[in-house]
Amino acid sequence: MDVKQALPELADIQLVIFDCDGVLIDSEGLSKRELLILLSNLGVDITDSYFETHFLGHSFEHVTAKIYQDFDVSLPATFRPEYQKALIAAFTAELQPTSGLTDMLDALAVPRCIATSSSPTRVGHAMSVTGLERYFAPHIFTASQVENGKPAPDLFLHAAKNMGVDTQHCLVIEDSPAGVQAAKAANMQVIRFAGASHMGPWRRAVDPLSDDVTTISQWQDLYSLAPALTNTMKSRGNRG
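Note that our numbering has the sequence shown beginning at 5, numbered continuously upward.
Accuracy of the hints is not assured; some may be wrong.
Cross-link-like lysine to any residue pairs, in silico, SDA-like; alpha carbons within 25 Å at most [as the list claims (entries may be wrong)]:
id: 1; residue 1: 89; residue 2: 66
id: 2; residue 1: 165; residue 2: 109
id: 3; residue 1: 165; residue 2: 124
Worth flagging that the hints you see were computed from the coordinates, not collected in a lab.
Could you put the whole structure together from the sequences, leaning on the hints where they help?
This is how it looks when you write it as structure tokens:
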């Protein structure tokens with residue numbers, strides 16, 4: 005559901021919880037590329053649509069279990085560090101924030117944090133190479149801190165508790181179906197961000213979440229939906 009008018013339910017938001025990959029950073033394409041290369045070396049060939057359906061927004065533990073379930077392949081102990089090494093190199097060379105992000109963050113007038121399925125090492129490196137650390141540190145929460153990852157609500161509930169904000173006053177910004185489901189299960193408001201490079205119009209058109217989740221494809225639209233989140237941002241376009 006794409007809307008541009010203000011949403012009354014967003015008038016009393018006291019905390020914005022951001023997913024990281026595909027929301028703050030344009031990383032999903034890099035993650036997919038490196039993962040598919042390593043899986044192919046093990047004889048596991050998966051399609052783009054399989055990755056997006058089963059892996060997008062999930063923890064590495066979920067990915068490992070899904071590969072075993074569907075392909076009867078147990079990933080070797082060396083797989084995760086090899087993937088981490090390849091991803092860190094790709095992030096260092098290629099990673100960028102999503103377009104328009106820094107303008108939006110500069111204008112955000114309420115507290116913010118990150119709640120991500122990524123590992124602490126991965127998200128920490130991403131924040132460092134993109135310069136986004138100054139907007140979020142130390143309020144970065146990862147799936148390693150909770151028992152159940154997305155689509156369970158545990159991570160968002162953990163973030164809200166640590167930030168001292170009741171769930172009804174939290175807004176989650178997500179890109180993946182698993183993340184949207186987790187936000188809803190946590191009884192939080194949720195907006196889907198579809199502005200990263202992996203979220204083309206074709207994907208949004210076939211995604212069953214498109215019709216029942218408010219979706220934005222550029223950051224400047226956030227303050228049209230929730231003007232109370234900022235006192236400073238005007239119509240400046242995307243420069244981030």
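Hints and how they fare:
The suggested pairing of residue 89 with residue 66 holds, with an alpha-carbon distance near 19 Å, which does not exceed 25 Å. The straight-line distance between the Cα atoms of residue 165 and residue 109 is roughly 22 Å, inside the 25 Å bound, and the hint therefore holds. Straight-line distance between C-alpha atoms of residue 165 and residue 124 comes to about 19 Å, which keeps the hinted pair within the 25 Å bound.
In summary, the structure agrees with every hint in the numbered list given earlier.
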